[in-house]
Amino acid sequence: MSEPLRVGLVGYGLAGSTFHAPLISTTAGLRLSAVVTSQPDRQDEVRRDHPGAQVLDRVEDLWAGSDHLDLVVIATPNRSHVPLARAAVEAGLPVVVDKPLAATAADGLALVELAAARGVPLTVYQNRRWDSDFRTVRQLVADGSLGQVHRLESRYERWRPVPGSGWREHGDPAEAGGLLYDLGSHLVDQALQLLGPATQVYAELDRRRPGARVDDDVFVALHHAGGAQSHLWMSSVAAEPGPRLRLLGDRGAYVTFGMDGQEEALRAGRLPGPDWGQEPVDRWGRLIVDGHSEPVPSLPGAYPDFYAKVVPMLRDGAPPPVDPADAIATLTVLEAARRSADEQRVVTLPGAGR
Numbered sequence: 043m044s045e046p047l048r049v050g051l052v053g054y055g056l057a058g059s060t061f062h063a064p065l066i067s068t069t070a071g072l073r074l075s076a077v078v079t080s081q082p083d084r085q086d087e088v089r090r091d092h093p094g095a096q097v098l099d100r101v102e103d104l105w106a107g108s109d110h111l112d113l114v115v116i117a118t119p120n121r122s123h124v125p126l127a128r129a130a131v132e133a134g135l136p137v138v139v140d141k142p143l144a145a146t147a148a149d150g151l152a153l154v155e156l157a158a159a160r161g162v163p164l165t166v167y168q169n170r171r172w173d174s175d176f177r178t179v180r181q182l183v184a185d186g187s188l189g190q191v192h193r194l195e196s197r198y199e200r201w202r203p204v205p206g207s208g209w210r211e212h213g214d215p216a217e218a219g220g221l222l223y224d225l226g227s228h229l230v231d232q233a234l235q236l237l238g239p240a241t242q243v244y245a246e247l248d249r250r251r252p253g254a255r256v257d258d259d260v261f262v263a264l265h266h267a268g269g270a271q272s273h274l275w276m277s278s279v280a281a282e283p284g285p286r287l288r289l290l291g292d293r294g295a296y297v298t299f300g301m302d303g304q305e306e307a308l309r310a311g312r313l314p315g316p317d318w319g320q321e322p323v324d325r326w327g328r329l330i331v332d333g334h335s336e337p338v339p340s341l342p343g344a345y346p347d348f349y350a351k352v353v354p355m356l357r358d359g360a361p362p363p364v365d366p367a368d369a370i371a372t373l374t375v376l377e378a379a380r381r382s383a384d385e386q387r388v389v390t391l392p393g394a395g396r
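Position one of the sequence shown corresponds to residue 43 (my numbering), numbered consecutively onward.
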């Protein structure tokens, strides 16, 4: 049996402690070897939750011990993604970067090109591809249950009427805060995965909460090269959320409500195991064909699949779980959405007419 691949995790806030460390530590072939966090309370959490991991105050200490690592995971505030990932690549360390990869498509592309030039594997943590509802939708589209899909409606909406104090609420563009980059990174990625490249983007970005410094109520419309449309909503001020997903095709429709349960489970301290990601029957979506509606069993949510795919990427040179080129495509759409909102017009993406 091969020795487990040694993983260094940078950051132990929500992303590091909830979405990365539990999945790394429960993936066969990986071992959480080191965690970088400067905050004493988070250091105590690491020692409690992952007693076998070394706790480091500074990321420089991680680079100094790079010979003892096989992978670095960047789970820090958005503005630090590129410089930290660049340092990992320059140290010859494969890297997983939490979404969004960068604050701009140009910065993301430069990082991806550097990794390719150095022959260092790089992938992006777009975990919502493994949501139960999205996995189910992909299957329905692939097997033709809806016929030709002409519209996707997709929402991440919640009720948080008071702005928080974290970095995501800061107005500095370098932070890449606000809902467009936070939740939009997921919704746009899913839309592009499901319906293909976008050619045109229209967006409305608003600040609804008193004192808000970043967008907290967002609508984005995409026209895809294949002719379909995506309508994407993300909001912190939705006291009554709409359907999570609604797909319309020339044969039928599919609608589902409520969020995938994996985040809730991870936040509650549960770890992947038997029956992970199973959705209860009352949360299954419904397929409507010729006026007849019936429930569709939801495929299990599968966040563990991301890191399970990282192992062969490192050992065998297998494709990454998320192609970093996809992250650049998403960032290109997000930038176009911001420009559309600022200029109040539809933005045509480069190459759309080719």
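Note that these hints are calculated values from the structure, not bench results. Here a beta-carbon is modelled for each residue, glycine too, at the ideal position from N, C-alpha and C. Accuracy of the hints is not assured; some may be wrong.
[Claimed, not checked] Label-pair restraints from in silico Cβ distances: (1) Ala360 with Asp185: 39 to 47 Å; (2) Gln181 with Asp248: 29 to 37 Å; (3) His334 with Arg255: 45 to 53 Å; (4) Gly186 with Asp86: 36 to 44 Å.
Open item on the list: Tell me the numbers of any earlier hints that the structure contravenes, in ascending order.
Closed with: Violated hints (numbers, rising): 1 and 4; every other hint is consistent with the structure.
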